[in-house]
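On the provided structure of chain W, position chain R as indicated by the hints.
Protein sequences appear in the order of chains W and R. Mapping to this note's numbering: the first sequence position 347 is 347, numbers consecutive. Mapping to this note's numbering: the second sequence position 101 is 101, numbers consecutive.
Don't read these hints as lab results, they were simulated from the structure. The structure displayed is predicted, hence computed values, not measured ones. Glycine included, each C-beta is placed from N, C-alpha and C at the ideal position. Some hints could be false.
Said to hold, decoys possible - Listed below are several chain R residues computed to face chain W (Cβ distance under 8 Å; list not exhaustive):
(1) Q59
(2) T60
(3) S85
(4) T236
As the list claims (entries may be wrong) - Facing chain R, according to a computed beta carbon distance under 7 Å, are these residues of chain W, among others:
(5) T185
(6) P188
(7) T191
Each chain, letter by letter, is given below.
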Amino acid sequence: MKKLVLSAIASALVVACAGAPQSGSAGLTLKHDSEYVIDGKIYGLPEAKVYREDYNGPAVVGDYLTMAPNLAKLDYEGNKEHEVRMDVFSQKVEVAPGVSYNAWTFGGSVPGPVLHVREGDRVVFKMKNRSDEEVVITEPLKGQAPYLSQIQASELQKHEAVIAPMPHSMDFHSGTVAAEDKWRTIAPGETIEFEWIANYAGTYMYHCGTSSVLMHTAMGQYGAVVVSPKEGYPTDAEVDQEYVIVQSEMYLSQMGDSYIYDHGAALARDPSHVVFNGHVSSLSENPLRADEGDRVRIHFLNAGPSGTSSFHVIGAIFDQVWVEGDPRNTWYGMQTVLLGASSSATIEFIVPEEGIYKLVDHEFADAERGAAGALIAGPRKAK
Amino acid sequence: MKYLVGVLAIAVSAQVLAEPVLVEGGQYVPVVVLDKELEQLTMPNFMLDAAPVTHAEYQTFVLAHPKWRRDTIPAIFHDGHYLKSWQTADSHAVDDADKAVTQVSWFAARAYCKAQGGRLPSLEEWEYASAQYRQQQGLTDHEYARMLFSWHTNPTTYAQLPLDPVAGKLNHMHDRVNEWVEDFQLLLTNGDDNDVLSGSCGDSARFMADFGEASYATFFRYQSRSNYRAQSTTSTLGFRCAYDVE
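Chain W on its own, in the form it takes in the complex (with noise of 0.2 Å):
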């Protein structure tokens, strides 16, 4: 009873400083009796469901999903609700010239699309086990998001649609949830349907929880959630280019003409490629852009399964770095950043001169396995 007095009054409060939203931000707003709120942050989502239905659309839905390194513009003041749909199922995507495997995805592709909200916003979130269709993501559908998009355009990872039937869950870092609902595991064939709010601001991992969770995240299953401050990081108006970077270790070996998840060696941390955005040439064939005297803002995950990164741009240094994201976690002049799995942490440089800036996990039999990158400056612009 007390619970529920104190939760009204909270609703209360919410929806009056709603009625009088400030400037940029149009308030909280709960939506279900169960939910309530501590520190300006909502608590106690309804439970998930999980239902079959029969779907053809898009296997990616929604405005704010897109292929790392882009991500969408916040096109919208205060907070909103996202109706956001990543499928779960199987995708031979090539990692490596060469080297393709036959990945277990969000959406198609490795890593997931890369989703932008702000601090406050709600995800109504929905996922269909397709792991037993073929899915094909390479023909352009009606009402597929940026992401797709994206993918079609770039080709990089030669994705082919493939059969690989297996229970998968969706573990989002960036909702405070009970993981035993909203997380839970479903079969080939059903969809879960669940909300989160973005409760605190970061740049969060999420993946497959179901065991072994090294094989599902091994095999493909991560992405980013970039959850923007609700009153902006305080460099906002100086920069000019913004992306998203996830780091990732794969564990293949060769049987026969194709290559296979060897969980000898996953177990053993000793991967075959470590790779930004899914592939050894992601920052190469398509490198990052910005011009001389820019600020760039990286978002770095680094995604795992089990090793860590040190991130480093050779010829500049960090200016702020916000660790994980949250703008009262500020550092300063930092050459290098480590991370460990699932860390992340949102990084800005000005770019020095015109020229070549190679991106590298500083851990050398990391960068010679694949993390490296880089970002391409012009002369620099009248501002």
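Just chain R now, kept in the frame of chain W:
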């Protein structure tokens, strides 16, 4: 061959080659540890189909038991994709006669085995037979693990291969389809207590007799199958039947 005695394997048709074989009982230490201490099980003799049930065999069953046709099966016994690959409600696709039947729910698999005078094998029976099959095949732990992880990387290719059984011994336990067992949803336990984490998130160490890749491969088969529903049907999940020995 030490443990296995073939029976009734006289003719050479695929159906007869896949006749049940005797799995001789013995001592067995399960790979998945469901107790506070390592458990040694004493397995009794039992019979097990030499190979997974084929489309042709399943078609014979459906013709004899029309309630298991895909157009008459009660909705509660499947997930909507039961025998989806079949040409009609009572005939499989032309090229599939000698392939392992798939897209069969646990309910349907049980009904088939009951109609043959048998039952689905228990998890321990299946794994015990699998351990003997590994010896019979002369597979090292590494080869066995690679076989299973290769299957998981590309299960459809394996499931689409015709069966090619050899008479009088177990066949195709790892290289065609994953198989239903009676207690596929067995909870992970720690003695009398259900384990609160249920090995759900990378916390499998408590359930492993050892941390070799072969044990992980076995555990992964166990754990992934646990997440199916009794109604689930997929294109890579089949079954074989077990029979008590009088």
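Verification of the hints:
1. Q59: violated (21 Å)
2. T60: violated (25 Å)
3. S85: Where the cut-off is 8 Å and the nearest Cβ of chain W is about 11 Å from S85 (chain R), the hint is violated.
4. T236: With a minimum Cβ separation of about 5 Å from chain W (threshold 8 Å), the hint on T236 (chain R) holds.
5. T185: holds (4 Å)
6. P188: holds (5 Å)
7. T191: violated (12 Å)
Going down the numbered hints, you'll see the structure goes against 1, 2, 3 and 7, while the others check out.
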